[in-house]
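**Student:** From first to last, the protein sequence lines stand for chains A and B. The C-terminal position of the first sequence is numbered 175 in the working numbering, with every residue numbered one higher than the one before it. The C-terminal position of the second sequence is numbered 685 in the working numbering, with every residue numbered one higher than the one before it.
Hints may be right or wrong, so weigh each one.
[To be verified] These stretches of chain B come out as covered by chain A in the derived footprint (C-beta under 8 Å, 3 or more residues): (1) 606-617; (2) 640-648.
[What the hints assert, rightly or not] In silico DSS-like cross-links for lysine-lysine, where the CA-CA straight-line distance does not exceed 25 Å: (3) A:78 to B:651; (4) A:164 to A:93; (5) A:170 to B:651; (6) A:85 to B:674; (7) A:170 to B:674; (8) B:670 to A:85; (9) B:651 to B:594; (10) B:683 to A:78; (11) A:85 to A:97; (12) B:654 to B:595; (13) B:670 to B:651; (14) B:670 to A:170.
It is worth saying that the hints were derived from the structure and are not from the lab. Positions of the beta carbon are idealized from the N, C-alpha and C atoms, including for glycine.
What follows is the residue order along each chain.
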Amino acid sequence: MLYEKSYYERLLKEELSPTKKQAGKKGFLIKLFLVVLLVVTPFFYFFTYIDVLEGCSIFISPSLIEMSNLTIKKAITIVKNYSLQDYKNLCKHVTTISPNLGCGGFEGGCYYDNERGVIYISTSNRNLLNAPPIIVHEVCHVMQRAEKRPFDESECYHKDTVFWKGMVQY
Amino acid sequence: MLSQRYGILERHGAILVKKLGTFLKRILALLVSFVVIFSLSYFILTRLAFIDLFTPCFIWIDGDSFRGDVRTIHQALVSLKKENPLEFIKACTCVSEIHEGFCTGIAPDVSTRSPVNSNDYVWPDACYLAGSKVIYIKPDKSQSLTTVSERMQSIRKYSEKSRIFWETRKTN
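So here's chain A without its partners, still in its complex pose (with noise of 0.2 Å):
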């Protein structure tokens, strides 16, 4: 009885031990890749822009009347392909796009002064041939700020005019 004993409990400490820590350690492990998996991925897949090359990281805020995160998220790469130094202005510049409703309307944009680096990008979603001009109209806006000229709107008005007039071929 003695030496039965002895023996579970040395096979308790000795063996089954590590055994469940292990089990304890993949578990932690496959609560970890299912949290990366199901929270982490979407919220990046939604919400961020992320250029590493480029070295651009933007956030897209969550809107509920648009819900034109990914068509922003298009837009940006047509901004890129087809204007690259808007898009290296946009990356420089703006740290977040709202596709909330600003003061442009629907399937407007907007830029406040008092809100340093953010956008709004009001476009329907699925439009993707207003995104893109818009994009570069508020930064525009944004780059006159930072090079602390007057709020031009006929400026950015032409530079969204030339852009679109460029990017959409009939």
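Starting from the known structure of chain A, arrange chain B on it as the hints suggest.
**Tutor:** Leaving out everything else, chain B in the frame of chain A:
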């Protein structure tokens, strides 16, 4: 003694058959679930995209369910494959999305950006968005052969524009 041995063998055989049965059942269940999942995914994907596994070709189609009909886009792509396989391969390589929508915005000869002020301008039936692999085609509910043919011509024309954009970008 012999009968005992025979008994053991029989028991082992039974266990082996049982194990083999379980293994085959698992394989069958896996195969069935794979076929079901694959068919379901294929069914859903073919509603959202044009898929040709043999070319291979995958183009997202974003239809306008009120004013358009995606079936004519599918037909246009099938016709293009039949008529000109090389152009079809080009479309598969240079186009990733086809949107049913109007190319309205700033007309090339209208200075204002609001489409309201440029009502007189006749908007083209399709357009290509430089910097992307996206084509816009005007929504059309008609299922006539003319519509299919027009759409096929649009896909052909704007695939070429996309190819030119990406090749120029590569060489620059």
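**Student:** Please verify whether residue 85 of chain A and residue 97 of chain A have alpha carbons no more than 25 Å apart.
**Tutor:** Since the Cα atoms of residue 85 of chain A and residue 97 of chain A sit roughly 13 Å apart, the hinted pair holds (cutoff 25 Å).
**Student:** Does residue 85 of chain A lie within 25 Å of residue 670 of chain B when you go C-alpha to C-alpha?
**Tutor:** This hinted pair holds, its Cα atoms lying about 24 Å apart.
**Student:** If you draw a straight line from the CA of residue 670 of chain B to the CA of residue 170 of chain A, is it 25 Å or shorter?
**Tutor:** 18 Å, holds
**Student:** Do the alpha carbons of residue 170 of chain A and residue 651 of chain B lie within 25 Å of each other, as the hint requires?
**Tutor:** 18 Å, holds
**Student:** Does residue 654 of chain B pair with residue 595 of chain B here, judged by a C-alpha cut-off of 25 Å?
**Tutor:** 23 Å, holds
**Student:** If you draw a straight line from the CA of residue 170 of chain A to the CA of residue 674 of chain B, is it 25 Å or shorter?
**Tutor:** Cα-Cα ~15 Å, so holds.
**Student:** Confirm or reject the coverage of the stretch 606-617 of chain B by chain A under the rule of 3 or more residues with a beta carbon closer than 8 Å to the chain's beta carbons.
**Tutor:** Coverage by chain A holds for the stretch 606-617 of chain B (4 residues, Cβ < 8 Å).
**Student:** Taking beta carbons only, do three or more residues of the stretch 640-648 of chain B come closer than 8 Å to chain A?
**Tutor:** Contact hint for the stretch 640-648 of chain B vs chain A: holds, 7 residues under 8 Å.
**Student:** Keeping to a limit of 25 Å between CA atoms, is the pair of residue 85 of chain A and residue 674 of chain B held or broken?
**Tutor:** Holds. Residue 85 of chain A to residue 674 of chain B sits at ~18 Å (cutoff 25 Å).
**Student:** Has the given pair, residue 683 of chain B with residue 78 of chain A, been kept, meaning a C-alpha gap of at most 25 Å?
**Tutor:** 22 Å, holds
**Student:** Between the alpha carbons of residue 670 of chain B and residue 651 of chain B, is the straight-line distance 25 Å or under?
**Tutor:** 14 Å, holds
**Student:** Does the structure keep residue 164 of chain A and residue 93 of chain A at a Cα separation of 25 Å or less?
**Tutor:** 15 Å, holds
The structure shown violates none of the earlier numbered hints.
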